[in-house]
Amino acid sequence: MKIAQLDAQRAWRGGEQQVLYLSQALRAHGCYNVTICQPDGALYQRACQAHVPVHGLRVRHEVDVVAAWQLARYLRREQIDILHMHDPHGHTIGLLACVLAPQVRKVVSRRVDFAPIRNWFSRWKYKMSGVQYLAVSEAVRRVMINSGIPGTQVQTIHSGIDPNLGQDVPAAEPLFPPGTRMVGTVGHLAGHKGQGTLLEATRLLIRDEPKLGVAIVGTGALRQRLEAQAADLGIAEHVQFTGFRHDVPSLIQAFEIFVFPSYLEGLGTSVLDAMALGKPVVATSAGGIP
1 MKIAQLDAQR AWRGGEQQVL YLSQALRAHG CYNVTICQPD GALYQRACQA
51 HVPVHGLRVR HEVDVVAAWQ LARYLRREQI DILHMHDPHG HTIGLLACVL
101 APQVRKVVSR RVDFAPIRNW FSRWKYKMSG VQYLAVSEAV RRVMINSGIP
151 GTQVQTIHSG IDPNLGQDVP AAEPLFPPGT RMVGTVGHLA GHKGQGTLLE
201 ATRLLIRDEP KLGVAIVGTG ALRQRLEAQA ADLGIAEHVQ FTGFRHDVPS
251 LIQAFEIFVF PSYLEGLGTS VLDAMALGKP VVATSAGGIP
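No gaps in the numbering here: position 80 of the sequence shown is 80 in the UniProt record's numbering, and each next residue is one more.
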């Protein structure tokens, strides 16, 4: 059996980490598996570093018919049996490609807990027959079924983490002066991730714990707005925005507490990473959490 993983994102986020974990595990079990992704993206680079078979596919937008045609040609030439789609653009491109490569079985992972069907286009995507959906939590599965997708087409398969993560991970260098009690969060800087709420909480907490330091790890469009919010709240010296970091496990190891204030969350693998590192977690009850 030949399996292809498709992810059209350029950035490195939780979904791309899951694709790489899955590709590595399938390869370790002797399964033919190739990762199809943007040739200039982070997943392509990391797949090459991990010696995972990879094929570059340039996807310019969600309805890129040229990319879909190129993908269909590749699927036919390589006689791929299963195409596993991992992100919204990859989902669309994959479905279009499978029109020209009808022998390929279609699998789609869904990692977010908001309703997938919101207009005629998403209705076309999610009501297509012959697609099996993998929800990363029961919360995501319920949302999909409530949106009209038959329950027989949706299975829950939880996201995974590195089982060796908790072994001998050194703590990162401190981000704050000596004596600071550091807590932190990891995630894309977006409204539903709740970093703004964490800043509001920080303003209250420093009244009782003036040596508190909060690390906000991740990138996203809201960074400038969050930095301005921290300044307006008078807590800028208590907050560090780290941007993208390659040493996230080491950063988490340096936290006293891991905080996860998300309002919408499919599963929250950062929470699992923190638990694997033995860190106490304070998180919202949202989506797949707890």
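Derived by calculation from the structure, the hints in this document are not laboratory data.
Hints may contain errors.
In the EDC-like style, the derived pairs of lysine to aspartate or glutamate whose C-alpha atoms are separated by at most 16 Å in a straight line are [claimed, not checked]:
hint, residue 1, residue 2
1, Lys-2, Asp-81
2, Lys-279, Glu-256
3, Lys-211, Glu-256
4, Lys-125, Glu-62
Pairwise CB distance ranges, derived in the manner of DEER restraints [to be verified]:
hint, residue 1, residue 2, range
5, Gly-151, Asn-119, 17 to 27 Å
6, Gly-234, Arg-142, 13 to 23 Å
7, Ala-25, Gly-234, 42 to 52 Å
8, Trp-124, Pro-174, 46 to 56 Å
9, Gln-70, Gly-179, 55 to 65 Å
10, Pro-290, Arg-58, 37 to 47 Å
11, Arg-105, Glu-209, 47 to 57 Å
12, Thr-152, Arg-123, 42 to 52 Å
13, Lys-211, Met-128, 51 to 61 Å
14, Arg-207, Pro-174, 21 to 31 Å
15, Asp-208, Arg-123, 44 to 54 Å
16, Ile-157, Asp-40, 51 to 61 Å
17, Glu-209, Ile-145, 21 to 31 Å
Note that the Cβ used here is the ideal one computed from N, Cα and C, for glycine as well.
Consistency of the hints with the structure:
no.: 1; hint: Lys-2 to Asp-81; verdict: holds, 5 Å
no.: 2; hint: Lys-279 to Glu-256; verdict: holds, 7 Å
no.: 3; hint: Lys-211 to Glu-256; verdict: holds, 13 Å
no.: 4; hint: Lys-125 to Glu-62; verdict: holds, 12 Å
no.: 5; hint: Gly-151 to Asn-119: 17 to 27 Å; verdict: holds, 23 Å
no.: 6; hint: Gly-234 to Arg-142: 13 to 23 Å; verdict: violated, 41 Å
no.: 7; hint: Ala-25 to Gly-234: 42 to 52 Å; verdict: holds, 47 Å
no.: 8; hint: Trp-124 to Pro-174: 46 to 56 Å; verdict: holds, 51 Å
no.: 9; hint: Gln-70 to Gly-179: 55 to 65 Å; verdict: holds, 57 Å
no.: 10; hint: Pro-290 to Arg-58: 37 to 47 Å; verdict: holds, 40 Å
no.: 11; hint: Arg-105 to Glu-209: 47 to 57 Å; verdict: holds, 54 Å
no.: 12; hint: Thr-152 to Arg-123: 42 to 52 Å; verdict: violated, 18 Å
no.: 13; hint: Lys-211 to Met-128: 51 to 61 Å; verdict: holds, 55 Å
no.: 14; hint: Arg-207 to Pro-174: 21 to 31 Å; verdict: holds, 23 Å
no.: 15; hint: Asp-208 to Arg-123: 44 to 54 Å; verdict: holds, 51 Å
no.: 16; hint: Ile-157 to Asp-40: 51 to 61 Å; verdict: violated, 30 Å
no.: 17; hint: Glu-209 to Ile-145: 21 to 31 Å; verdict: violated, 44 Å
When the structure is compared with the earlier hints, violations turn up for hints 6, 12, 16, 17 and for no others.
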